[in-house]
Every structure is written in structure tokens, then in C-alpha cells.
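Participant: Here is how the chains run, residue by residue.
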Amino acid sequence: MRLLLVEDEIDIQSFLRSSLEEAGYQVEAAADGKTAERLAVDGQFDILIVDLGLPDQDGISLILKLRQQGLSAPVLILSARRSVDDRVRGLEQGGDDYLTKPFALAELLARVRNLLKRNSPPGSEATRLRVLDLELDLLRREATRSGQVLQLTSQEFVLLEYLCRNAGRVVTRSMILDKVWGMRIQPDTNVVDVHIYRLRGKVDGQGQQPLIRTLRGVGYVLKDR
Amino acid sequence: MSSKTDKPIMRSAAWRISLWATLAFAVGTMLVFAFLHRFVASDIQRRSDAWLSGEVEVLGDVAERTPKDALYGRVVGEVAELAGKEVPNKLLSQGSSNDSVFFLQTGGDGSLKLWVGAGSGEPNLKAIRATRIVPHRPTDLHVQGLAIPFRVASIRIDDGSYIYLGLSERDELRVLRNLGLRFFLFWLLLVLFGFGIVFFTTRRMLTHVREITEAASRIGHSDLNARVPTTARKDEVGNLALTLNHMLDRIESSIRQLHTITDSLAHDLRSPLTAIRGKLEMSLSAVTQIEQAEPIVSVIEELDRLTDFLNKSLDVAEAKADALRLNRVPVDLDELLRIMINLYEPSMSEKGLQIRLHSGGPLTIEADAALLHRMIANLFDNELKHLPAACTVNLRLMAEDDAASFILEDDGPGFDAEVLPHLFERRVKGKESNGHGLGLAFVDAVARAHGGAVAAGNRESGGARISVTLPVASLQHAGSPAAVKHGAH
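One line per chain: the protein sequences are A and B, in this order.
Heads up: the first sequence begins at 0 in numbering that gives the first Met the number 0, then just goes up one per residue.
Heads up: the second sequence begins at 0 in numbering that gives the first Met the number 0, then just goes up one per residue.
Hints were generated in silico from the structure; no laboratory data involved.
No experiment lies behind these values; they were computed from the predicted model shown.
Don't take each hint at face value.
[What the hints assert, rightly or not] Per the computed footprint, the stretches of chain A lying under chain B, defined by three or more beta-carbons under 8 Å from a beta-carbon of chain B, are: (1) 11 to 17; (2) 101 to 112; (3) 179 to 189.
The C-beta atom is built at its ideal place from N, Cα and C for all residues, glycine as well.
Excised from the complex, chain B in its bound form (with noise of 0.2 Å):
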């Protein structure tokens, strides 16, 4: 019972309901993440910003105090180096040469004045003049041959140069390359993690759900005493265990209603009936004279026919509501058929009717014997009050899967038209019958109590097909074995 389903767990609702909610969380971290990230970014550039700006000012009042002498490139080179040694965000000493900042000072007409830095500053000047650089305001310069872009403040000092101060973005690229790579891993680690609870919280959960299905099937099935498991947690699906077998307690206790209720009724019809049968007979015995006997003999067989109608509704009535009670036994369906039409092919031939069995040999089911052997005793009841003369009865025996399956056709009129979709109701016959009307009910409710199916019909060639299909075992295996009587002793 707790053995896993044989579905792959990629069909379960379990896995489906995780998925959903580990897409609807990966994508909420996900945004907040990325919010995050921008966030980090925004502030690192502002702050390299700033920095720029103030550097920017610093070598500019430097540039406007030193004196244009031969020293000049000097004192402003060491003063802007002195500024590239305090960049922030640097991570690492790149060593001696340090490329990620640059000073630039041009002259009025626009010519490099002052360069200090890796290379020539040659890329970085055309770069600047291809670039709208406006004052106090640090922008993205793009140098030729370089991959990472330079984030670049500028200011124009008295005598109509501009200096240039520039900051490569490669370490803040770093450090936000390196925040995004752990904020994936982090991202991935808890949405695998969220998936995983998910998960296992869900298939518990639902692992419940479905023993009480299997349970409430098995229920379905075989016996009314069984329960669906239930746990010591009052959640949704506690409860719904405790519902259920609500439910089912109600349900059994109503069908032992129905059963006190027909035993009862059975027995205050059957013994009136006992008494008024015993005083016929008794009266019949005093008779000398056949005419009198006559009246008596007739009620007497109108006293059995109610009988019988008795026994009959009240098994439909319990078998309508599931509740009628069996007795299963191995039974030889072929067996059966054989003793039943041996019984009947007599008075089916004084009828100039034929009754053929085609049959693979044995098919034993689990099944009341007794009920089975009305079933058909019914069956045949029918055909030998309704078919005219010359009419054959076919009858074949098929075992399928885990059900045998018998099937019945005769080449008569068949069902009338207006009885065809009300066959298996009470009461329902046609015009010239004269049952009582419950044999196809009946038959109907045999089968069902064994969890089988009856189907009824015309042939398309004309003639009835009335088809029973039983399960070869039933779920319950409960029932003594009690033998069938066959022959004499």
C-alpha cells in the first residue's frame, strides 16, 4: 500500500505543483537579485564618480598654480600618480605600471600637452576628441584597442587647456562581476533548495492523498467495513481522511439500515405467506374432487409467483444500493452454462427453440453460485416466454483479461423499440409479457454486485444481445467455500 506509485514521479502532481512554485520563486529572486545588483552598481560609480571629480579639481588647481616652466610636467604628472595610487575599488597592485589611470592635459589648440600613464596617450586623445567630454561631468570613454571602457572627468583651467582625468572601469567590472557570480550561486542554491522543501513537502502530503485514494477505491470495491488511513494532523488532508470515514460510517450504517429494513420486511411478508401456503395445502388435501382443487392449486401458484416477485425486488433493491450479499465460491462459468441449458433445452425444443454454448472450456470466477445460477435461470426464463418458434439462442463464452465475459443472442424480434433504453429498470416489459418485470433489473443487479456490467440490446441482423461480463476474482476474498450440490446422492 505504501509501495510507490508505477507512474514516473515526472507525472506526479507533487512534482508539477514544485515546479510552479520553484519558477514563481526563482523569477521573484531572481528580480530581487537583479535589483540588488543595479543597486551595488549604481553606488560604486557614484562613488568612483565622485572621487574623479575631486581629483579632477585637485590637479586642476595644481596645473593653475604651478608655474609653466620646464618643471611644470613634472610636479603635475607626480601629483596626478600620486592621485592614480588612491583609486578606489582597486583590488590588486598592478605591479609598477599603473594602467588603470590616466592624466591628460591638452593645450588650447587641442594638441597633447601633458600625458601621464601606460602608452602614449595618443588612443586616448583621439578618443576624447571623438567623445563630447562637457566639464565636472564624468563620462564613459571608449579608447581604441582597449576592451574596458574609461569613465573620464574633465576641467578647463585659466589659460585654456582642459585636464583630463581618467579611471578604468575594469576593477569596479570586477568586483560587480564577481557580486553577480555569487549572487547566481547563492540565487541557484536556494531556488534548488526552495524546489527540494517544495517537493518533499507536497509529495508527503500527496503521498497521503493517494493512500487514501487506493484506499477509498479499495472501499469502492470489496468491503464497507474497511477505512481510509488517517494521521494526527488536522490539516486539509486530515481531514479529508476524517470526512471520508465520516462519510463511509454513514453510508454502512445506512445499508445495515437497508438490510434490518428488508430482513424485517422479508420476514412479516414471509410468514403470512408461510401460514396462508400451509392452509391451502392443508385444505388442497381435503379436496376429493378436481374442480375443487382447481381454485386452491391457482392461488397456490399465485401465492409463489409473489413470492418470487418478493425475493426479486428486494434483491434489486439491496443490489441498487450496493448491498447485496455474496457468497463467492469458485465457479465453473462453463460448468454452469452446460448444467443450466441442459436444464432448459428440453422445454426450449418442445418450443422448436435451439440453445447453443460455444465455449473455450473452463473459465472458473469467484462468484455466488446461488445468484449466478438465478442470473442465468432468468435469462433463459426470458427467451423461453418471449421467442417464437424456430428462433436459436447463441450462447459464447469468452474469458478476457481478468473478466469472463458470456454473451447471449438469439435471431428473434428483439427488444422493443420503446423498452430499449429502460431495459434494466424495475418494472419495465414489454406489452405481452407477463413477468413481472424485473428480470433484466435483476440480471443487472447480479452483475454489478460481483463488479461486473450487463449491456442490452438489438442485433443489427435483429434478435437481442444481452451481454454479462463478470471479474474472474473479486478483491474480497472472504465467503466460505460452501459446496455446490451436483446430481443425485
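In isolation and in its complexed conformation, chain A is listed as follows (with noise of 0.2 Å):
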């Protein structure tokens, strides 16, 4: 996976780089609007990283220019300022995503991940979700694990679903936050670890194999394997 990082501060580059290169991705990286423009033109890349504030350009604008030269590869957009401005809302819902600083390395990780999922061809619709023993039947709304049907309300077969479909990566609080109950705030309470804890006394039940582990914060991953 061939990824474009576009970040000026250079101590952010570093180490975005390093976590992901070490994620296994093929990193090329700018610090400007330029060096950006002549990189993607060359380069195939599968993803891009963009920091919005840019010494030569605002990072909209370099977005923009990429996408008019046909660029479709997805883009991770980073921004440092708080109310997140229209456009921003506007490629976000282009197929895009955000991330405001400072944020999770998981969730960066977690995120681009997301974004190349998305951008894959998507498989057969799928109507059944598969992790393990742990069996989704989305038509039916209905979660099995051994063959067992667990008691799930509504929003924690929401939740285990969204967890199922990142099965193996690690998903934060605010991720689940944002794609489980809609919204990006961020509760100086324990509100979402409730959640998990009540899904995971009913997912893992007495004997079995733990499958939702909690990664200390950072979030929570369903183990695949």
C-alpha cells in the first residue's frame, strides 16, 4: 500500500511516518503544497494524508487540485483548527474522513485502514458477519456465538457489528463514538467502556475464548484469530 503523507511540522512527519511504515505502508512524504502535487502526479499512491495547514497552500485547495487532476485515491484529511470548516464537511462526505489534532496513532491507523476498506471493491453485500465462532446475521439482526444466540438489544448488536467489521483492528472510543452513536464528543466519563463491558459479559461468556480486548487508552479490538 502505497501512502502520500502531507504534513509540514517536521517532528509529526517523523513520527507518522515511522508508526506507519512499521504499519506496513509505503510511505512517501511532503512538507508542502509543491513537493505534494509533483509526488501524487508521479506516484500511485492508494492513499493520502493531508494536513490542512500547509506553509505554501491551504490543504483544501491542494485536495482540490489533486482531485481535478484525477487523483481517487481517498484522503485522510488532519486539521489543527477546531470548528472544522464546511469544505471540510463537504469532501468528509465525499467519501474522505477527518481527523482533528492531536489524535490517536490508533485511530489515525485505524482510520486509514477504514479509508482503504472503503475504497476497495466491495465484496458480495454481505448479510452475515463471521469472526471466529461469532456469527452476525444482519438481515435477521440476530448474533450467534458456538450456536448460541446471545441477547443483544439493538445498539449493542450496532456496536458488535462495528466491532465485527474491524475485527482484528484496534477501534477508540471516539471512532465508536463517532460511526456507532453519530457523534464526535468526547465524554470526560467512562460512558462507552459501560457499553463494552456490558457487550462483552454476553459475548464472552463463562468458558470461553475473551474476545473483545481492551487496549489501555487506546480502545478496544476484536480478535480475529
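Both chains are given apart, each in its own frame, so use the hints to dock them into the complex.
Facilitator: What follows is the structure in C-alpha cells.
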């Protein structure tokens, strides 16, 4: 997977680069819009990460320019602005995503993976999800583990579905809040954790291998192996 | 905008100003006319008195010189009649009988000696006897049976008899009455004309003032880009509009400066925070033992709290300056509250708290969904952190005229008495609170940015009560309808 990272802060660029490389991406980095344009035209990138505050131009105009030149790869926008302006929302609706600084590295990686998956040709629109011995019937909204039906509320089903779709990857609390409840908030209480504990109580019964793992300070993973 | 206001014209300032101005003008012109009228009246009187005195002298002279024979009466009578035809101020010839003038001569004993005039002369004699008439000085004489008095001049002639010449004041009064009528009509016309001019000029001016007021209030409610209407005229009202616009320019530029400052401040803090957090996370992934990870995780958590504090402080600061940027979309408060309750309910029941929503169904308002989420999360976080177990949180959502209000009540200990007056100030928190004290300030900021309000206090039966009112629609319908994502994909 080839990834173009456009970020002018050298500090951030270097740690993003190393952690992305560690995660298995081939990373090209640019510190300004000009370099980014040149690189984007030459190389075939699967995904771009663009910081909005570039020294020579606005990140948005860079993305628009690249899109006009036929760029189809998804773009993850990094922004230090607090209120995300409407143009960013517009882009986001076009299938891309944004992250506000500061962000959790795990979240960035998770979102990059999400974007890549979204962009890959969809496999047949599955009606069933399977992770190890956990099975979700998306039509009947029913989850079973080892053939045993789990008594889930509709909200818990949505949460489990989200975890299953991202099985094996870290999902952060803010990603869960964003995708499951549709809100970008940062509660200073453990609201998400309690939902996860409850779900875990139902999914990981006694004597079964625990599937939902907590990564402190980062988020959760649904184990897929 | 140029539509006439709903309030009746009688209650407008223009109406009151013109009424008072007209009153002053009417009294002034009335005084001038009254003075003129008096002046004319006294002039007429003076002229008729002069005529009377002159004529009576002539008549006295004639009466003295004419021998007292049988012809005396005829001679004096004819002279008197001739004099009567030269009456001043006479308007119309009264036909044959001249009743506006009389001539009367009394003998030494006071009896009627000679009479020229209409009627018998007896009532006139009686009236003369009843009135003290000093020779050479014209006096008013009220004759019984006649409404209009005579002006009478007298002279004493040598034989001891008196000659009286009387002139009815009828013509004089008619002249004065005519004059008065004309003065009155003219005055009325002048006053009405003056009223009209004052009313229309003040109304024109005040309409402009009203337009400025309307525009200014619209600017207060919505966008700072708008300006009040100006005119080319350089009068006080024109200056008012110009000054207001200058003021708005300055406000707008300071708001823009504030945005620049907060943006760059946020940016300058965020980048290092991002770098720190990223490096911590990387070192966390290299750590193999749980004990070593612990301090790194807690530093990351501290950093996240710091970030949250940074965000809220900047939001509160911007909202205090009425500069919070909103992205308004239709938001169903009922649905939003249900989702929030769904999110918080497990944590609450874990703590032994109950939360209930009393709502009359969907209630859609124009608002910034993300800010509302954060606002309600703030309120719920507060409840979650501060309520002791076994308490109940009641939420009521109601539609009022053109506002939506939701009231949050609990049966916990309520707010501390000492923080109660400062609930919406930054950095106010209860003794046991571990938050950063921005919660309610932020809630207040968000409500105010939407043109709403927040009230917080303690219930009489104990427990806290926070009510948030938000207008259903904003004056400004800007903002692209960005969809709020729900559920998983």
C-alpha cells in the first residue's frame, strides 16, 4: 500500500512516517503543497494523509487541485482547526475522512485502514459477518456464538457489528462514538467503556475465549485469531 | 423591511413630536392673532371715538348758533342726520331708516328736547340718565331692548342743555367678528399645515431610525457582515447610521482577530500535543510489560484531558464574544436526547442512577448538531460525576412558542450555595469536582451562540435543575446541511 503523507511539522511527519511504515505502508512524505503535487502526479498512491495548514497553500485547495488532476485515492484530512469548516465536511461526505489534532495514533491507523477498505471494491454485500465462532446475521439482526443466540439489544448489536467489521483492528472510543452513536464528543466519563463491558458480558461467556480486548488508553479490538 | 410597523401611528414618536410641536405652534400663533385682533379693535374704537367727538362738537356748535325758534329742531335734526350718513366702518346702507346713529338733546331739566333717530328716544334717554356720561369723553351706552351697545359722546352747550350723539357699535363689532373669523380660519389652516409638515418630516427621519434599529437588531441576532442602511444626507440620523457601521466594522474586525488568535493558538498548541501523543503511543507499543506501560497511558490520558480543556476553553471564549461558529442543520431534539440517553444509560445504571425522558415527540430545531452533542454530553457527564447513587435524573423536552426547552432535574444534593451565583463562570466547580470547571460555562456558551439561554439552580424539594432554551429557527439560514451519521455502515 502506497501512502502519501503531506505534513509540514517535521516532528509529526517523522513519527507518523515511522509508525505508518511499521504498520506496513510504503510512505512518501512531503512538507509542502508543491512537493505533494509533484509526488502525487508521479506516484500511484492508494491513500493520502493531508494536513490542512501547509506553508505554501491551503490543504483543501491542494486536495481539490489533485482531484481535478484525476486523483481518486481517498484522503484523510488532518486539521488543527477546531471548528471544521464546511468545505472539509463536504470533502468528508465525498467519502473521505478527517481527524482533528491531536489524535491517537491508533485512531489514525484505524481510519486509514477504514478508508482503504471503503475504497476497495466491495465484496458481495454480506448479510452475515463471521469472526471465529461469532456470527452476525445482519438481516435478522441476530448474533450467535458457537451456535448460541446472544440476547443483545439493538444498540449492542450495532456496536458488535461495528467491532466485527473492524475485527483484528483497533477501534478507539471516539471512533465508536462517531460510527455507532453518530457524534463526535469526548466525554470525560466512561460511557463507552460501560457499553463495551456489557457487550463483553454477553459475548464472552464463561469458559469461552474472550474476544473483546481492551487496549488501555487506546481502545478496543475484537480478536479474529 | 420598509413595511410599516405594526404599532398604530398614534403611538409613534413622530406623532407625539408633531403633536407637541403643533401645540406650541398653535398657542404661539393664537397669541399673535389675539394681539393683532386687540390692536385692530382698539384702533377701530379710537377712530370712531374721534369721529364722535368731532361730530358732537360740530353739532354743539350748530345747536348754539341756531336761534331757538320753531326751525331749531329741523335745522339741528338735519345736521344730525347728515352726520349720521358719514358714519365710519359702515358696511352696508341700512335702507331708509338709519338706526345706527342717534342724536339726542336734553333740556336743562333733563327732559327729552330733541330726538333724531330710530324709535321714540325714551329708552335711550333712560339709559343716558342711568349712565354717568362725562362730556367730551365717549362712553358705552347699553340701551334696554337693544343687544348692541351704543358709543355715546356728549357736550354741554351754553343754554345748559346737553347734546348726545350715539353711534351703534354694531358695524364695528361686525368688522371685528369678520376679522376674528378670518383670523381663526387662517390660524386653523396654518396649524394643520404646520402639523403636516412636522409630522411628515419627523416620520421620514424616524422611519430611517427605525430601519437602522431593525437592521441593527438583525445584525445582533445573526451575522456581523450586515450593515445598517445609510443615506446620502449628512444629518444626525445619517451620522448615526455611519457611526453604527463603523462600530460594526470594528467589532467584525476584532471578532476576526479573535478567530485568528484562537485558531493560531489552537494550532500552535495542537501540533506539539499531536507530536507528544504520537511519540508516547509509539513508545507504548514498544513496551512489553504492563507496569512500564502504566505511566505512559496515564500521561496520554492527561494529554487528552488537556486537549479537551483547550477545546472547551476556546469554545467558551469564543461564545463569550458571540463568535462561536455554528453549522446549523435541522436537529430533532427528541431523537438527539434519546440517542444521548441510550449512550449514557448503562453508565448511569452502573452507578445506581436512573434517567428518564418526558417528551412530546419529535421537535426539530435549527442548530449545530456537534455542539448540541457536546453540550448534552457535558450535562450528562456532570450528573454522572456528581450524583450519589439511587438518584433519578428527569429530562423534560417541551415546545414553546418558537423555542424548544429542555429541563434537567435531579433529586441529588443540588449545587453548593457558594457556587450558585457563579455557575456560568469559567473555572467554577464544586469542592469535590474533578472536572476543569468549564462544564456549565460551556453549556451556557452553546445555548447563547444559538440565541438561547440557560438557567440553573436548585429545586425547592432539593436537587439541581438546569433548563436550556433554544430557538426553533435562527434568523440566519446559513450553513450547508451536513448529514449527521447514525449507526454503523
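Participant: For each hint, tell me whether it holds in the structure or not.
Facilitator: Each hint tested on the structure:
no.: 1; hint: 11 to 17; verdict: holds (count 4)
no.: 2; hint: 101 to 112; verdict: holds (count 5)
no.: 3; hint: 179 to 189; verdict: holds (count 11)
Taken one by one, the earlier hints all hold for this structure without exception.
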